[in-house]
Amino acid sequence: MIQTKDITKTVNTSEGSLQILQPISFQVKAGESIAIVGASGSGKSTLLSLLAGLDEVSTGEIFLDGAPLHTFDEEQRARLRGDKVGFIFQSFMLVQSLTAIENVMLPAEIAGLSDAKKRASKILEQVGLGHRSHHYPNQLSGGEQQRVAIARAFIGQPKILFADEPTGNLDAANSVKIEDLLFDLNREIGTTLVLVTHDNELAKKCDRQLQMLAGELTEVTERAQHATGPVPQGVAHGR
Amino acid sequence: MVVNLAWRLFKHEARRGELTIILFAIILSVASVLSLSLFSERLQSALVERSSQFIAADSQLRSRKPISEDWLSQAQAQGLATARQVSTRSMAFGESLMSLVDLRAVSDTYPLKGEIKVADQPFGSPTPVASTPAPGEIWIDSRLFQLLDVKLGSTVYIGDGEFTVKRVLSEIPDQGFSIFNTDPMVLMALSDLPATNITGPGSRVSYKAYYTGSDASIEEYYEWLRPQLDEELHRWEEVGDDESAIGRSIARAERYFLLASLLAIVLAAVAIAVAAQRYSQRHFDPVAIFKTLGATKQMIRRVYVLQILFITVLGITVGIIAGVIIQQLVVIALAGQVDVSLDVWHWRPVFIAVLTGSICAVLFSLYPLLRLFSVPPLRVLRRDMGAGLSSKGLQFGASGGAIFLLMWIYSRDVEISAILFGSGALLVVALLFVTFGLIAVGRWLGQGAMGAWQLAWARIRRRAMDNSVQLISFSITIMLLLVVLVMRNDMVAQWRAQLPENTPNYFMSNITESQKDDLEQHFADQQVRIDEFYPVVRGRFVAVNDEQVSTEVTKEDDPEQSEGRQGLGREANLTWSNKLQTENRIVAGQWHADWQPPGDDGNAEAGIVYPVSVESGVAKRLNIAMDDTLTFNVGSEIVRTRVTSIREVNWQTMQPNFFFVLHPDAMQNFNATYITSFHLDAQRKSEITALMLPFASVTLFDVDARINQLRDIIDQVSLAVEFILVLVLIAGSLVLFAQVQASMDERQQELAILRTLGAKGRLIRFSVINEFLIIGSVAGLMAAMANEFSLFLLQWRVFDMEASMHWEYWLIAPTVGALVVGVLGALGCYRLLRLNTGQLLRKMV
Numbered sequence: 001m002i003q004t005k006d007i008t009k010t011v012n013t014s015e016g017s018l019q020i021l022q023p024i025s026f027q028v029k030a031g032e033s034i035a036i037v038g039a040s041g042s043g044k045s046t047l048l049s050l051l052a053g054l055d056e057v058s059t060g061e062i063f064l065d066g067a068p069l070h071t072f073d074e075e076q077r078a079r080l081r082g083d084k085v086g087f088i089f090q091s092f093m094l095v096q097s098l099t100a101i102e103n104v105m106l107p108a109e110i111a112g113l114s115d116a117k118k119r120a121s122k123i124l125e126q127v128g129l130g131h132r133s134h135h136y137p138n139q140l141s142g143g144e145q146q147r148v149a150i151a152r153a154f155i156g157q158p159k160i161l162f163a164d165e166p167t168g169n170l171d172a173a174n175s176v177k178i179e180d181l182l183f184d185l186n187r188e189i190g191t192t193l194v195l196v197t198h199d200n201e202l203a204k205k206c207d208r209q210l211q212m213l214a215g216e217l218t219e220v221t222e223r224a225q226h227a228t229g230p231v232p233q234g235v236a237h238g239r
Numbered sequence: 001m002v003v004n005l006a007w008r009l010f011k012h013e014a015r016r017g018e019l020t021i022i023l024f025a026i027i028l029s030v031a032s033v034l035s036l037s038l039f040s041e042r043l044q045s046a047l048v049e050r051s052s053q054f055i056a057a058d059s060q061l062r063s064r065k066p067i068s069e070d071w072l073s074q075a076q077a078q079g080l081a082t083a084r085q086v087s088t089r090s091m092a093f094g095e096s097l098m099s100l101v102d103l104r105a106v107s108d109t110y111p112l113k114g115e116i117k118v119a120d121q122p123f124g125s126p127t128p129v130a131s132t133p134a135p136g137e138i139w140i141d142s143r144l145f146q147l148l149d150v151k152l153g154s155t156v157y158i159g160d161g162e163f164t165v166k167r168v169l170s171e172i173p174d175q176g177f178s179i180f181n182t183d184p185m186v187l188m189a190l191s192d193l194p195a196t197n198i199t200g201p202g203s204r205v206s207y208k209a210y211y212t213g214s215d216a217s218i219e220e221y222y223e224w225l226r227p228q229l230d231e232e233l234h235r236w237e238e239v240g241d242d243e244s245a246i247g248r249s250i251a252r253a254e255r256y257f258l259l260a261s262l263l264a265i266v267l268a269a270v271a272i273a274v275a276a277q278r279y280s281q282r283h284f285d286p287v288a289i290f291k292t293l294g295a296t297k298q299m300i301r302r303v304y305v306l307q308i309l310f311i312t313v314l315g316i317t318v319g320i321i322a323g324v325i326i327q328q329l330v331v332i333a334l335a336g337q338v339d340v341s342l343d344v345w346h347w348r349p350v351f352i353a354v355l356t357g358s359i360c361a362v363l364f365s366l367y368p369l370l371r372l373f374s375v376p377p378l379r380v381l382r383r384d385m386g387a388g389l390s391s392k393g394l395q396f397g398a399s400g401g402a403i404f405l406l407m408w409i410y411s412r413d414v415e416i417s418a419i420l421f422g423s424g425a426l427l428v429v430a431l432l433f434v435t436f437g438l439i440a441v442g443r444w445l446g447q448g449a450m451g452a453w454q455l456a457w458a459r460i461r462r463r464a465m466d467n468s469v470q471l472i473s474f475s476i477t478i479m480l481l482l483v484v485l486v487m488r489n490d491m492v493a494q495w496r497a498q499l500p501e502n503t504p505n506y507f508m509s510n511i512t513e514s515q516k517d518d519l520e521q522h523f524a525d526q527q528v529r530i531d532e533f534y535p536v537v538r539g540r541f542v543a544v545n546d547e548q549v550s551t552e553v554t555k556e557d558d559p560e561q562s563e564g565r566q567g568l569g570r571e572a573n574l575t576w577s578n579k580l581q582t583e584n585r586i587v588a589g590q591w592h593a594d595w596q597p598p599g600d601d602g603n604a605e606a607g608i609v610y611p612v613s614v615e616s617g618v619a620k621r622l623n624i625a626m627d628d629t630l631t632f633n634v635g636s637e638i639v640r641t642r643v644t645s646i647r648e649v650n651w652q653t654m655q656p657n658f659f660f661v662l663h664p665d666a667m668q669n670f671n672a673t674y675i676t677s678f679h680l681d682a683q684r685k686s687e688i689t690a691l692m693l694p695f696a697s698v699t700l701f702d703v704d705a706r707i708n709q710l711r712d713i714i715d716q717v718s719l720a721v722e723f724i725l726v727l728v729l730i731a732g733s734l735v736l737f738a739q740v741q742a743s744m745d746e747r748q749q750e751l752a753i754l755r756t757l758g759a760k761g762r763l764i765r766f767s768v769i770n771e772f773l774i775i776g777s778v779a780g781l782m783a784a785m786a787n788e789f790s791l792f793l794l795q796w797r798v799f800d801m802e803a804s805m806h807w808e809y810w811l812i813a814p815t816v817g818a819l820v821v822g823v824l825g826a827l828g829c830y831r832l833l834r835l836n837t838g839q840l841l842r843k844m845v
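Taken in sequence, the protein lines are chains A and B. So for the first sequence, our numbering puts the first residue at 1; every next one is plus one. So for the second sequence, our numbering puts the first residue at 1; every next one is plus one.
Since the hints were derived computationally from the structure, they do not count as laboratory data. From the three backbone atoms N, C-alpha and C, an ideal C-beta is built for every residue, glycine too. Please note: incorrect hints may appear among the correct ones.
Claimed, not checked - Simulated pairs of lysine-lysine, DSSO-like, Cα-Cα distance not exceeding 30 Å:
1) A:K118 - B:K11
2) A:K118 - A:K159
3) B:K579 - B:K516
4) A:K5 - B:K297
5) A:K159 - B:K297
6) B:K65 - B:K11
7) B:K11 - A:K117
8) A:K204 - A:K177
9) B:K620 - B:K579
10) A:K117 - A:K159
11) A:K122 - B:K11
12) B:K760 - B:K685
13) A:K118 - B:K297
14) A:K204 - A:K159
15) B:K117 - B:K685
16) B:K297 - A:K117
17) A:K29 - A:K5
18) A:K29 - A:K204
19) A:K5 - A:K117
20) A:K177 - A:K117
21) B:K297 - B:K11
Stated by the list, open to error - Computed footprint of chain A on chain B, listed as stretches where at least three residues anywhere in the stretch have a Cβ under 8 Å from a Cβ of chain A:
22) 275–289
23) 295–306
24) 373–380
25) 421–430
Please model the entire structure based on the sequences and the hints provided.
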């Protein structure tokens, strides 16, 4: 589903150019869930942004469901995201001026689906927020907002779901709920999940864990025993 | 889908108050432009209507030859109403006495505007009459009853005609006003004129055709007529051409309305620019989210352009309604005070308001929108990422260009637009310098323990670029308000100065040298103060540099002179004085007070060339330059003069003014008569007959009616100007408020952090208030400077006024600026500080 070949990311700073990602190559199979773990500033969010097509690689190749992302311009990447990718963010990233249901409808509407509202209602029920569908984000708790975000991420039944610290802004009780919801929906829809976190407990729920350290993908942890789904065959290595 | 999404965003944002500021700015721009221009258009047409009474029509064609019947038929064919008048000076004979009269023969449609007024008895109170003299009858001036010793019903002979005196003529609309050789007026039917045989070859006759109709049809007719006119013979005059005091006051008021409306547009534009910038910044996150979720640039562009369209349409609609209501309120408020109908509806202001709203909404949101479109999707992960596009040059260029375009379209006057725009641009540049100066000062002042002042300075320094934009918008707003305010004060003050309380309301002429002292004494005994005596000698103006002056350059045969302007022609009124009159200003050469006659070499007397001072307008018209020799024939003598100075004369004062002022030596051998003026209180009017009794030969002119008319108009125009000022002030205050609101949002995050860190409300409040005080006072000071600059240009170039400095505003503007901006800041801050930290932080999300 995802294949990277020697991708790097270099940024220009006032003190010259800085390579924030060392050449990275790895593969993620369809339906697999992987966690990218690492300390703050290790480059894990940068890697996520490259994998999701939110940013461009400096060198190397990325294939997302076979599409050569590294050759795409912003417009093509946007289309690809709309077709195949779902997102969950630490800060929820809901549009404040739209209600819960309208936020959930957004990806379906952008994709031009005519039954956006029906789908949104259904999935909001699924995440347990049917009764709050007409509330605005700032009228919802953090946990509820993240559930809306999850509903939004899954409405288009994406092939790949990227989650950036999905429980980072939540308390323990809400975190557990969100994690369960995330993995349940993931299993149900058969989405490939790429999760960035520094929460080792969360990471352990994924099939595989990749460790980022100072821009290098240095370690591959075998999949946690309690995780279900197909056993991954992919490898990841840093150079 | 795009429309749905855009509509949904618009609906929710409107409901949640997210669009309030930008919507409010558009409403404000449309409402203020509409109400101002609707009101000024209505007032202008009402004033034009009123001033058209002074020329008895909308337009007038004056000619020294009979006006072709074809020209009048053509006018009628084009839908214009017409009237005619033929005027000349002639002798009128009673049974035993005779007098020179100012004869006016008019068609029965005369006057097209204004009224003829008659009285029951000589010097009786005037009442309007709807008719004109019937064939065979004449209406005559009160004075003529004495001069010819006639009564109503008596017979008077003019030329070969014989007429019955039917009414006492008090006033005709376009009689003009001149205190020199004004003969008593006689009004007769035009059809009677040929029978008198007085307009034969050689007689000096003036012909007038009057026209009324719509502006467009008059314009069309004039286009047809113009090629047939002969500059030497014909003169086309429209209401706007009125060079009189009233005409100039109205012209100035019109320019003021234009200025105020222009400034309202700029104010609205500033408000929209501020609001659009804020709108754009608040949508960085949604755009990043849309992009992340797969929206293409085109889709986002459509969503936001549609949003702007919805906002614009709503803003314009509400703005139009609000504008009409405001305007109607003004009309109701003014109804009792302005003696003109304000009911005529005009479409142009509506068109202008819609255009303004649209141009403002589109052009001022262009840059913020372009910035918005350039927000990268990566912002969802890296919250510090702003818009990809950032170009102050593009921002200032686009908004500056839009403002200039708006001004130009609206005023159709490049000069007034360029002046306002230029001073605004200069202000922006100056402010950028000041901002960076402030940063330097702030670095120094912001050191030390963190008190409210240090916090304020630190914030100003940190947000230098944001503050510079804010400072510029505050300064421009304050400057525009100052321009409108100070301009109004100067203008009204100058108008009032023309007619101070004791403005002379009577003029006397034909006073002989021997009567002078007695007259002065007699008036002093009655507690009436007489103004200066001006000697007058009638002279023939015969040559310039020894070249004969042809009659064509003179106005002698034109019995009507505009108000305050005395006759010039082959017969000129010459005066002499060592002292330069007040309201006269030398523009070239030197006043002749110090002139000494050349040494006495026996026969020098005849050859002396005396100095003369010439009025600048007549110098231009007759092509007279400094050092030219002008020759006058006074009595049987030749007086040679050399132009030693050229004077600019303020014709708007009610005082005698002269085209030619000679050195007293030049006139010592001639017998002069004198003219003077005095003021008599309204309640003493009944004493006038007794006052004048001992001086039967002195001619008296009562100009009270004229002065009251002028005063009325000036009062009404001043009142209107005041209303406009209030409207602009309200608009400006609202803009300031919008600016403070917008900048308050930007401060929200910082307030939340300070609050979270445990800063006391008092410290935060004072630091914010101090910050606004600093910004307000700097903006005020900058505005005062820019105001001075633009006022100087405006008064000099546009308003034809004497420019002056306004030092008081250099103190007032920073003080008021600091206070207003400080108070608004405090209010905005109070709102934020009432929220608890949790609410504050949530608002930031």
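To see whether the hints hold, each was checked on the structure:
no.: 1; hint: A:K118 - B:K11; in the structure: 21 Å, holds
no.: 2; hint: A:K118 - A:K159; in the structure: 21 Å, holds
no.: 3; hint: B:K579 - B:K516; in the structure: 19 Å, holds
no.: 4; hint: A:K5 - B:K297; in the structure: 29 Å, holds
no.: 5; hint: A:K159 - B:K297; in the structure: 23 Å, holds
no.: 6; hint: B:K65 - B:K11; in the structure: 71 Å, violated
no.: 7; hint: B:K11 - A:K117; in the structure: 17 Å, holds
no.: 8; hint: A:K204 - A:K177; in the structure: 16 Å, holds
no.: 9; hint: B:K620 - B:K579; in the structure: 23 Å, holds
no.: 10; hint: A:K117 - A:K159; in the structure: 21 Å, holds
no.: 11; hint: A:K122 - B:K11; in the structure: 24 Å, holds
no.: 12; hint: B:K760 - B:K685; in the structure: 74 Å, violated
no.: 13; hint: A:K118 - B:K297; in the structure: 27 Å, holds
no.: 14; hint: A:K204 - A:K159; in the structure: 22 Å, holds
no.: 15; hint: B:K117 - B:K685; in the structure: 20 Å, holds
no.: 16; hint: B:K297 - A:K117; in the structure: 24 Å, holds
no.: 17; hint: A:K29 - A:K5; in the structure: 15 Å, holds
no.: 18; hint: A:K29 - A:K204; in the structure: 18 Å, holds
no.: 19; hint: A:K5 - A:K117; in the structure: 40 Å, violated
no.: 20; hint: A:K177 - A:K117; in the structure: 25 Å, holds
no.: 21; hint: B:K297 - B:K11; in the structure: 22 Å, holds
no.: 22; hint: 275–289; in the structure: holds (count 4)
no.: 23; hint: 295–306; in the structure: holds (count 4)
no.: 24; hint: 373–380; in the structure: holds (count 4)
no.: 25; hint: 421–430; in the structure: violated (count 0)
Consistency note: the structure conflicts with the earlier hints numbered 6, 12, 19 and 25.
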